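Q: Input sequences plus hints: build the corresponding full structure.
Protein chains in written order, with this note's numbering: chain A, 651 to 884; chain B, 25 to 360; chain C, 165 to 598.
Please note that the accuracy of each hint is not assured.
Said to hold, decoys possible - Not everything, but these chain B residues come out facing chain A in the computed CB check (under 8 Å):
no., residue
1, 218
2, 220
3, 225
4, 228
5, 234
To be verified - Sample of chain A residues with no beta-carbon within 10 Å of chain B, all distances over it, derived:
no., residue
6, 653
7, 660
8, 708
9, 770
10, 786
11, 876
These are computed hints drawn from the structure, not numbers from a lab. Because the structure is a prediction, the values reported are computed rather than measured. All C-beta atoms in this analysis are idealised placements derived from N, C-alpha and C, irrespective of residue type, glycine included.
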Amino acid sequence: MSFLMAQGMTGGYGSVDILHDCTVSVERGEIAVIVGPNGAGKSTAMKAVFGMLNLRSGRVVLDGQDITRLSPQNRVARGMAFVPQTNNVFPSMSVEENLEMGAFLRRDDIQSTMEQVYALFPILREKRQQNAGELSGGQRQQVAVGRALMTKPSLLMLDEPTAGVSPIVMDELFDLIIDVARTGLSILMVEQNARQALNIADKGYVLVQGRNRYTDTGQVLMNDPEVRKSFLGG
Amino acid sequence: MDLLNALALLSNYVLVPALAYGSQLALGALGVTLIFGILRFSNFAHGDTMAFGTMVTILFTWWFQSMGLHLGPLPTALLALPFGIAFCAIFVLVSDRLVYRFFRTQRADPVIYLIASVGIMFITNGLVRFIIGPDDQNFSDGERFIIKAGDFKKLTGLSEGVSIKLTQGITVITMIVVIFLLFWFLNRTRAGKSMRAYSDNEDLALLSGINPDRVVAITWIIAAALATIAGTLYGLDKSFKPFTYFQLLLPIFAAAIVGGLGNPLGAIAGGFVIAFSEIMVTYAYKRFIGYIGPNDWTPDGLVQLLSTDYKFAVSFVILLLVLLVRPNGIFRGTGT
Amino acid sequence: MRNVIYFLIMAGLLVLVGEFQSWNLSLSILNLCLISAVMALGVNIQWGYAGLFNVGIMGFAALGGLAATLVSVPPVYEAWSAGGTGVLLGTLALILTVLAAVFSYRRMQGRSFRMLVVVLISISGYAIMRSLFDPAADAIEKVNPSSTGFLGGLGLPILIAWPVGGVLAGAAAWVVGKITLGLRADYLAIATLGISEIIVAMLKNEDWMTRGVRNVVGLPRPVPYEIDLQQSDWFIQLSNRLHTDPVTFSSIFVKLCYAGLFATVLLIVLYLSEKALRSPWGRMMRAIRDNEVSANAMGKHVTARHLQVFVLGSAVVGIAGAMLTTLDGQLTPSSYQPLRFTFLIWVMVIVGGSGNNWGAVLGGFVIWFFWIQSEPMGIWLMDVATSHMGSDNALREHLVDSAQHMRLMTMGVILLLTLRFSPRGLLPEKTGRN
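A: Put into structure tokens, the structure is as follows:
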């Protein structure tokens, strides 16, 4: 069984369902990417996995344990970490304090984890005393991911980590995400930039109107003429 | 010589009182700004919370006095202060549990909190008047002065004296200690940082596992402590009258807004801006000009810009000016 | 249907008071109920239509009271000749200063230079104004201080003061609204709190205008005096025909006259409010209230609309304030307490039903009725509750003495209970959505 298995998720915010029998899974140490057109329910699927949405049916299993009924906070304690698309740092707190807050639930020594984060994102070490709100967009995303890593999660979920940054910074961020995955984490990511995202993905999910349309390895999806035509712009 | 006399005069009637008053306002405004940062509403009950905490302190002071308990030269009220803080904290926690928490779970509009706080304000006001009455209460004891005007004159040979009341000294020292403790708490402790995180980005704080109920409770306790300390210092320095504390709401809010709502450093600066403006504008400069003006000439009038009856107008005008020119306050606050 | 039942119950309560206490008391409660209802309507226009939180109702009511004095009291010619010119010149200087400051602020370039010029104009203008004003005010206050010591008014019929009170309050609201509307709701709240404190401070301290805390008494009435009635033949005949005592009946008759006047105003304001609410303007206001962002996006000028509604609502409060001073027959600056004039009105609006004009009227009646009746009830309750303590018990004396403060708490509790358990009030707003 996969490390994360979210099976047959159906539900939405109000009475209208956004997700219909949607399934997403991630293997240990892999990068899985959800892509699809606007309004396909990509972010909703991510929120459903994190427990920010009430599911009418379906279940979420993490590392063999059913966590469908747990609150987001409790999922954090079980090893999930979530990086929202926007407002994902504490702007008036220093970079270091942002990381500390990420580790709020931990009672053990967090120094070594912080070192690991600084090793992954060297720029953050440089700016550790600066307020996160004063950083550039790309640096802020690094703070956001760093904050999430502070819980020592086994699954990191990123909601459009490259939204609103320049193409150069975007490439940098994708490289960093690969680096993070190499440390042994599983990553589930929603991306608007489908092409680059599938490039680094072990597994890709194409959602359309809240349903799974295509599911395969990133490479296969990239080469599938149907997918290319409809979702990757030729 | 005349210049020194003028300076002494100004210190005695402007500098010293404004420092003390500014400290009291700063402490009050800190409470308002913290509540705003965490709970995101302007707490109209803050003036009356001050009155409540002070009232408890006064009651304990009287009790201690009747038992013959004294702090020597210091006012007995300092001994009673922790009890005032404790009761005030319990009071605001109960009011949060009974009133505000419901609106929090509803994610109600900020203006609903505002109205609810007005409701709490009236209940508190009624409670205070019910228990201690609407009249002036004097509860200061111990030494009256650090320096008496007469001693100052003898010491310096000036014809103008500077007197510093003990309560003024205590006020300024307490303010410095409290502010030091508060900033240490906010910047160095886990709980304090979690408060700042919650104020910065509520959703992300929740994602990080910060317990909102705990943050809110800590905020109320700190606000109650600040309110009680500010109220007691004000009461020692001047006197305690419930209605005066209600009226303090305006300068306190002006201070918090001038400093940028939600910004603790701004609140302190705002407190002093308001206090100094208020006292400088309402001070009669007649004798001051007499010293620095040409020989033996004193103006006919009092040379007072504004009668003290209108001291609230000063806070109000400063408030309007800030809103006109920099709506986010001189220091940026979290409010927009 | 609910409307009618509630209002019938309210009428029943007033009749009960009339039967069991006295008709005089019942009618004086009714008169204040009517005035309260007008005030509540004014606040409802601001809060219910537009969601504006005004904490300075007291100040606008006080301006109405000031209008009543300035319009109705006969002028004191001696005072006018002593300092009239000075006061007029001072006022003129003040107006010119403000105009010059605003003009240079608008027209000049360069941020810091502009501020400097504005500050200089303000300071010098203020100095000139004070130099004209102070001696004049002193001279006026020296004129026969025990009975006048102020300029007096225009000596016009007091009914004219009612619209004038509305204009004064509206003008003050315009200044406050112009600066604070469009910012956070909290800022408007604080600013209104501030302006009301300042207005009341002015009434208390500008003796040349209001006699300050010595009060202006004996304002002319819009209705007959009891003593005149008791001496007129037609009145005595009427009284005999109704088998009443002419003295009691004369006071009831006067109160009925007031009630008629107040009810007329209430009905006019209510009619206009209802009409406005149902007009495209009213629909737009509510659209703005319910979703400011999208209304803004649709090109509605939200801040300008808010200013309109804020001025209108405050003007209605001003009218009610003038009516109240007319009924009292005197201007008592120290009687303006925020608890009574700001907070109580809020309780009326919230309990009655925010956004519903009939609700505001009902709230005005119900809350005023309980406000008046709760004091004797509270004292009685305390008396009974502590009766076992013995009549000279200190605690008992304290409790009975303090019973009046229970009213504040009661009203606070009523407000919070309504806000939590019935946020839409007794008569909820009728909306298409729910």
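Q: So, for every hint listed, does it hold in this structure?
A: Going down the list of hints, with the structure as the test:
Against a cut-off of 8 Å between C-beta atoms, the interface hint on residue 218 of chain B holds, since the closest Cβ of chain A lies about 6 Å away. This hint holds: residue 220 of chain B has a C-beta 6 Å from the nearest C-beta of chain A, less than the 8 Å allowed. Against a cut-off of 8 Å between C-beta atoms, the interface hint on residue 225 of chain B holds, since the closest Cβ of chain A lies about 5 Å away. A hinted interface residue such as residue 228 of chain B counts as satisfied when its beta carbon comes closer than 8 Å to some beta carbon of chain A; here the least separation is about 6 Å, so the hint holds.
Hint on residue 234 of chain B holds. Least Cβ distance to chain A is approximately 5 Å, under the 8 Å limit. Its beta-carbon lying about 21 Å from the closest one in chain B, residue 653 of chain A satisfies the requirement of being farther than 10 Å from that chain. Non-interface call for residue 660 of chain A relative to chain B: holds, since the shortest CB-CB distance, roughly 24 Å, exceeds 10 Å. Residue 708 of chain A, annotated as away from the interface, keeps every beta carbon of chain B farther than 10 Å; the closest lies near 22 Å.
No beta-carbon of chain B comes within 10 Å of the beta-carbon of residue 770 of chain A; the shortest separation is about 19 Å. For residue 786 of chain A, the non-interface assignment is confirmed: its Cβ lies about 18 Å from the closest Cβ of chain B, beyond the 10 Å cut-off. Annotated as non-interface, residue 876 of chain A keeps its C-beta farther than 10 Å from every C-beta of chain B; the closest such distance is 37 Å.
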